[in-house]
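Using the sequences plus the hints, can you model the full thing?
Just so you know, the sequences run in chain order A and B. This note's numbering puts the first residue of the first sequence at 1, with every later residue one more than the last. This note's numbering puts the first residue of the second sequence at 1001, with every later residue one more than the last.
Some hints here could point you the wrong way.
As the list claims (entries may be wrong) - Short derived list, chain A residues pointing at chain B, Cβ under 10 Å:
(1) E4
(2) F8
(3) V12
(4) A13
(5) S14
(6) F17
(7) D19
(8) R26
(9) L34
(10) A40
(11) S44
Keep in mind that the hints were calculated from the coordinates and are not lab data. Even glycine gets a Cβ: it sits at the ideal position worked out from N, Cα and C.
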Amino acid sequence: MNNEEEKFEQFVASIRFDDTPSDTHRDQLEKQLLEAWDEAQAESEAETEADNIVVAPVEPTSLYLQRLAIAASFLIICGTLFWGIDKMFIGEQSYIARHPDRQAIERIIEAENATGVEKKKLLAQIKDVWNLIDSKDSASLVTVLHTDDNAYTVRVWAAKYLGKLGGEDTLEIIETTIDQLGVTDPQDPLMIAADKIRERLGLEKPAKPDTDSSKPPKTNGSWQAAPDDCDPELD
Amino acid sequence: MGALEATQPESQGCLIEQARTDKTAFAALFRRHYDEIYRYCARRLPGAAVAEDVTSQVFLKMVKNFNSFMGDENAFRCWLYRIACNEINSHYRSTGRQAKAFEQLKIDCDTEQPDTIDECDNADENEAQKAFLQEAVSELSPEHQDIITLRFFEGLNSTEIGEILDMKPATVRSHLARALGKIKNIYKTRQQQTPGKLCWYE
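Quick look at the structure:
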């Protein structure tokens, strides 16, 4: 406190104020306040009761979980829809468009004249075969070549790649399979693959031991001849 | 220790909580604070009747908002002073110029007749000092009025005034210095007009 403050304080202290409280006023005010206190208590209780009745307490945690569940459901529905649309319309087209051998696949689809479910089935076969090609699984590809469940054009396509991939071991397996199945048709995928391997390895075609010209060639299933526009020529 | 803390025994801390549910405790709380709030109002307002009215308003506002009040009894006293400051300023705003109120105050003082000649002289001088002090204070801004009266009428320190007026103690001190400077100027002006007994700063 500075000197001036101190002087002023002393000055104020020297003045007598008429500030004695009145007992009458105090008592009257007390009575008034206690009445107001009663009213305030009653209002407070009424508000509490109303709150208890009208507003059901909602726990923040349950509210949070509820919102989380809604968000999760929404995401799942969106994901499923997108997956379905992609699978039905976009997936196939994008698979073909991105495929390294896109033209061959388009020719296969065109040759098989596949639409709807058949097209999906055909694409599934193509994908399986491509996985085998990609993993250079020659033995499995040989199996594909003589499996009637696969479309002829797909098998011819597989044969082209097997011709590029296969070595002497593969050729031996193919020749054994040809012998076992009695395949003689030069357009059979097995024959095509064997010829391609031999051509690539510079091997000669083995002479046929005893061919019965009266015996009809084994066609290895019900497939038809490969269409001209699905010529399994490799680059 | 400030005036607020000095009058607060620790055992009284729970009275606020008791007063929320117990009418008797509430009455005790009122009686404990009535006198000081009334005195504060009486020193700032012209006449006992006005001081009583404003004091009533202060406590009625308090009871209305008592359930929403959070804090100990020290905070409660600060709260009461804050309501009182607001009510006093509100009273002056609603009654127009504060000078009018002091005119009334002077009239009231003049009508009180002393019993003896000495008493008469002393009473006259005291009334003159009081009237002019209140007039000088009334010429300050409401904020400066609050600070000056809380500091010099109630004897609170800058921390306690800061709690009441929601200011930092340093800000209170700064306002206090400026307010005191203004009062000094008012007194100087008056001194030039009527030299003699009014001077306090020399």
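Subject >> Interface hint for F17 (chain A), Cβ within 10 Å of any Cβ on chain B >> reply: F17 (chain A) check passes; min Cβ-Cβ to chain B is 5 Å, inside 10 Å.
Original post:
Any CB of chain B closer than 10 Å to the CB of E4 (chain A)?
Top reply: 6 Å, holds
**OP:** Classify the hint on A13 (chain A) as holds or violated, based on whether any CB of chain B lies nearer than 10 Å to its CB.
**Re:** Holds - the Cβ of A13 (chain A) comes within 10 Å of chain B, reaching about 8 Å at its closest.
Subject >> Cut-off 10 Å, beta-carbon criterion: hint that F8 (chain A) touches chain B >> reply: 6 Å, holds
**OP:** Could you check if A40 (chain A) really has its C-beta closer than 10 Å to a C-beta on chain B?
**Re:** Where the cut-off is 10 Å and the nearest Cβ of chain B is about 6 Å from A40 (chain A), the hint holds.
Subject >> Status of the hint placing S44 (chain A) at chain B (closest C-beta pair under 10 Å) >> reply: Cβ of S44 (chain A) sits 6 Å from chain B, so the hint holds.
**OP:** So, V12 (chain A) near chain B? Judge it on the closest CB pair being under 10 Å.
**Re:** 4 Å, holds
Subject >> Interface restraint verdict for D19 (chain A) against chain B (beta-carbon cut-off 10 Å) >> reply: 4 Å, holds
Original post:
Hey, does the R26 (chain A) contact hint survive, CB to chain B under 10 Å?
Top reply: 5 Å, holds
**OP:** Closer than 10 Å between Cβ atoms is the bar; does L34 (chain A) clear it against chain B? Give me holds or violated.
**Re:** Interface hint status for L34 (chain A): holds (6 Å vs cutoff 10 Å).
Original post:
Can the hint on S14 (chain A) be confirmed by a CB-to-CB distance to chain B that is less than 10 Å?
Top reply: Holds - the Cβ of S14 (chain A) comes within 10 Å of chain B, reaching about 8 Å at its closest.
Hint check: no violations occur; every hint is consistent with the structure.
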